Amino acid sequence: MSQQDVTFTPAGDDTDDPYAGVRETTEGPVYTVTGQDWDDVVGAAAAGEERIVVNMGPQHPSTHGVLRLILELDGETVTEARCGIGYLHTGIEKNMEYRTWTQGVTFVTRMDYLSPFFNEAAYVLGIEKLLGITDDIPDRANVIRVMMMELNRISSHLVCIATGGMEMGALTVMTNGFRERERTLDLFELITGLRMNSAYIRPGGVAQDLPPGAVESVREYLRWMWDHIGDYEAFCNENPVFKGRTVGVGYLDLAGCMALGITGPVLRSTGLPWDLRKSQPYCGYETYDFEVPTRDTSDSYGRFRIRIDEMKESLKIVEQCLDRLEPGPVMVGDKKIAWPAQLAIGSDGMGNSLDHIRHIMGESMEALIHHFKLVTEGFRVPAGEVYVPIESPRGELGAHVVSDGGTRPWRVHFRDPSFNNLQAVPAMCEGSMVADVIVAVASLDPVMGGCDR
Amino acid sequence: MSDNDPQSGKQDPDEVEEAARTRAETSPVEEQSAAEAPAEEAAAEAPEDESTAEALDTTGPALPPEHPSRRGMFGAYDGSGDTTGYGRLVVRDTNPVRGGSTPRPWPEELEQLGDDVSAALQEAGSTDADTFEKVLVDRGQVTFFVKREKLAEVARIFRDDPLLRFELCMGVNGVHYPEETGRELHAVIQLLSITHNRRVNLEVTCPDSDPHIPSIVHTYPSANWHERETYDFFGILFDGHPALTRIQMPDDWPGHPQRKDYPLGGIPVEYKGATIAPPDERRAYN
Amino acid sequence: MGVEEKLPSGVLLTSMENLLGYLRKGSVWPATFGLACCAIEMMAFGGPRHDSARFGMEVFRASPRQADLMIVAGRVSQKMAPVLRQIYDQMANPKWVLSMGVCASSGGMFNNYAIVQGVDHVVPVDVYLPGCPPRPEMLIDAILKLHDQIQHTKLGAQKVAADAELEQVALRAEATHEMKGLLR
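Protein chains in written order, with the numbering used here: chain A, 56 to 508; chain B, 1139 to 1424; chain C, 2 to 185.
No lab work stands behind these hints: they were computed from the structure. A couple of the hints might just be wrong.
[What the hints assert, rightly or not] Using 30 Å as the maximum straight-line C-alpha spacing, the simulated BS3-like pairs for lysine-lysine come out as follows:
1) C/K146 with B/K1410
2) C/K181 with C/K96
3) C/K7 with B/K1410
4) B/K1288 with B/K1272
5) C/K146 with C/K181
6) C/K146 with C/K96
7) B/K1285 with B/K1272
8) B/K1285 with A/K428
9) C/K160 with C/K96
10) A/K298 with A/K367
11) B/K1288 with B/K1398
12) A/K428 with B/K1398
[What the hints assert, rightly or not] Sample of chain C residues at the chain A side, in silico, Cβ under 8 Å:
13) T15
14) Y23
15) M44
16) P49
17) K80
18) M81
19) V84
20) A115
21) I116
22) V117
23) Y129
24) P131
25) C133
26) P134
All of these numbers come straight from a predicted model, not from anything done at the bench. Ideal placement from N, C-alpha and C gives every residue a C-beta, glycine not left out.
The whole structure should be built from the sequences, with the hints applied where relevant.
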């Protein structure tokens, strides 16, 4: 691409972008997407008044994951900020088109790796809606789902606060955050068998029932968390250094949030109590007693406080979950959908079910055939498409699930809050200091695995 | 054994039953067919199926059309490696995306939404028929199939009309249906109204040969990255987008990877003399 | 990298190897190269419970110039691969690469267009660590194995000889598709 082919409109005009070349031809504008336009940006920068373009990332300690920030600086002030994403694009959505519906859970759990249960829940709720079995999910399964999601919300917010603290230099917040997170992961490991990426929520219910001792462990965890969650507030709430770094930083008001489609703690920091758990409940959230914390500061400090408050609300919800856990099935009754075995840990340390193996290998040929069909072929999902949104720790996580009537998804797309919310980086950062960019991005809490998928 | 009854029904391919069913009646999971003769009949069954289907055809309501891309159990058409005996099964197309409009009455809140949309369009000097190809109500969600040239205008009405007030655009997503000639590429837009606490989907189609859809970035700035992503993965060109560049793939990447005609791109895995093909090249149920 | 490489082969060089290996393995500074899920487990490794400070490696260096271990923690996309190689090239010798998790080691479950099928296509790998993601304990085990390698790194003439021998072994090894036996 030669440089004279490209005409750049000045920065600030919203009809163009300095990072894409536009050429007017007789057929209309042609956008140059072949790359190497970085040279043009530098060239354009050199031609005008003195501007410094700083490329931050994709591997930088103070960006969450592999996020690339392209900042244009005037001294220490950021005049323009752009995000470069896609460094963790994994092709998960495409991969899922070649696997059964159940296997898809294994993929979606690895998208946003800080909130695996939310990914699973959105996807599974989508499948269940397509199947028309939303109302048939056993109560116990729903309670366990809610409990796991709320525990996950706590662990995700802990990482957000921990890494955000680390990026601001508050290392104690980081070590404490990871200490508490380890305890949450211990629960996940006890209940699902894995610390992360558990693929626990399955179409029709959950993969297995709570193991013995799980309820006691969760109660013990709640006691610990109630004791220690105050630490963060004691560290940060009135800490002048912390407040100096966060108050008024990353400002985005309600109008900005609306225009940019921002949801989650960022939207709630503008004072709007929009939480899908309240406004469009799923999994029985309407029956739980909890508040939607808001602030009206619209800044990073408010978002931090909201996250702490949300963790407390989540603890309350988990308590209610424990109280209403009744014995019962954790998988839908329809044998054509329900995964054929409730697994237990076998002597070899692998998931196994001796009763089930005895049944299919020794007692019933039909059960063996059924097991084989369900595991290799999977179930068919009636054709159609649904969009199912849930409230993830970062905002609205939507699963657009499309079936063509087959045993595999036709297309699954995730509307990930990290992806959408990163669009707010220019609005939050332009005009501020370089150091504030880090705080603003941290307050968005983007997870690149979810963003790039 | 009693808990296995629905399973032995599973022996019989679902397609046979699917053929005898109209579009919206049941879903395969709900059917509790009586136990039918298993394995040994399967091979001799194929010709019988079609006669059964025909018999039903004359008596029952009209059958849905044959599925454009699926036949048999393994996606094999004419004896190409499908040794199951299920190769001649006809799969009926029950995808509502390819059907017509959903006749009213819809669920109550969607009726209200439909009326509001009509009123808003009327106020803007337009009508439903002018604006929409069809309106689909499926599983409690409403999808307006907007005529391509009307999209920018419709988005503006949906956002600004006091009856509608869809303030947030939650995303734009592409879906590729290679068998739908003339409307292969779909873009699905999800809108959310916080004022009225309801959602709506807009769907726009365009052919592969002319993959242009008007951009809604000027109405919904949040669609910016979503449209770039849809362009990146499907090659849909959003006219009027301020900077339609690739977002996920490297800038110099050839092709649009999430289209159905783009291979998965996996490599065969070799280990100790065994080779396992990537998932898209293995034989699979469809 | 300095005068120790020039020492004549013999007792002095062997003692020097031991000493240097001991010093080097006790002060491995990793670069912060977190990519995906594994990066979170890598951070947990740096956290209070698993405490990487015990191995003299609590300082995750942001600048590749100051780091000598790259823990590739997560899936490497085609878009990230050139960046990864650039960071590796910026690191000063001696340097090691630990491929953490199956995605970095072999592409794992993401056998598709977007992911590099094993980071060893891009940089030489010293330790492969399986798991999806590996627990921090597994990472500790891999680190200890790497320490073992570092301790026994040869210097000077002995390194040349060792490298030549390794090359011979590699040349004699049968290709993957010629291997026979059970898949284990």
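Structure-based check of each hint:
Simply put, C/K146 and B/K1410 have alpha-carbon atoms about 25 Å apart, close enough for the 30 Å limit, and the pair holds. Between C/K181 and C/K96 the CA atoms are separated by roughly 35 Å; this puts the pair beyond 30 Å, and the hint is violated. Taking the CA atoms of C/K7 and B/K1410, the gap is about 42 Å. The hint is violated against a cut of 30 Å. The hinted pair formed by B/K1288 and B/K1272 meets the criterion: a straight-line CA distance of about 13 Å does not exceed 30 Å.
Restraint check: the Cα-Cα separation between C/K146 and C/K181 comes to about 28 Å, which is no more than 30 Å; the hinted pair holds. Annotation: proposed proximity of C/K146 to C/K96 holds, straight-line Cα distance about 15 Å (limit 30 Å). With a C-alpha separation of about 9 Å, the suggested pairing of B/K1285 with B/K1272 holds against the 30 Å cut-off. As the CA atoms of B/K1285 and A/K428 are separated by approximately 42 Å, the hinted pair breaks the 30 Å bound.
In summary, the hint linking C/K160 to C/K96 is supported, as the alpha carbons are separated by about 15 Å, within the 30 Å threshold. Proposed proximity of A/K298 and A/K367 is supported: the alpha carbons are some 21 Å apart, at most 30 Å. With a C-alpha separation of about 27 Å, the suggested pair B/K1288 and B/K1398 falls inside the 30 Å cut-off, and the hint holds. Restraint check for A/K428 and B/K1398: the C-alpha separation of about 26 Å stays at or below 30 Å, so the hint holds.
Taking 8 Å as the C-beta cut-off, the interface hint given for C/T15 is violated, the closest approach to chain A being about 38 Å. The beta carbon of C/Y23 is not positioned within 8 Å of any beta carbon in chain A (closest approach about 29 Å), and the interface hint is therefore violated. Because the beta carbon of C/M44 sits about 7 Å from the nearest beta carbon in chain A, less than 8 Å, this interface hint is met. With 8 Å as the threshold, the beta carbon of C/P49 comes within range of chain A, its nearest partner Cβ sitting at about 5 Å, so the hint holds.
With a least beta-carbon distance of about 5 Å to chain A, the hint placing C/K80 at the interface is held under the 8 Å criterion. Interface hint at C/M81: satisfied, since its Cβ lies 5 Å from the closest Cβ of chain A, which is below the 8 Å cut-off. Using the Cβ-Cβ criterion of 8 Å, the hint placing C/V84 at the interface with chain A is satisfied: the shortest such distance is roughly 6 Å. Here the hint on C/A115 is kept, as its CB sits about 4 Å from the closest CB of chain A, short of 8 Å.
Interface restraint check: C/I116 against chain A, minimum CB-CB distance 6 Å, threshold 8 Å, status holds. With a cut of 8 Å, the hint placing C/V117 at the interface with chain A is violated, because the nearest CB-to-CB distance is about 11 Å. Nearest Cβ of chain A to the Cβ of C/Y129: about 19 Å, over the 8 Å cut. The hint is violated. The beta carbon of C/P131 comes no nearer than 14 Å to any beta carbon in chain A, farther than 8 Å, and the hint placing it at the interface is violated.
Interface hint at C/C133: satisfied, since its Cβ lies 6 Å from the closest Cβ of chain A, which is below the 8 Å cut-off. This hint holds: C/P134 has a C-beta 6 Å from the nearest C-beta of chain A, less than the 8 Å allowed.
When each numbered hint is compared with the structure, violations occur for hints 2, 3, 8, 13, 14, 22, 23 and 24.
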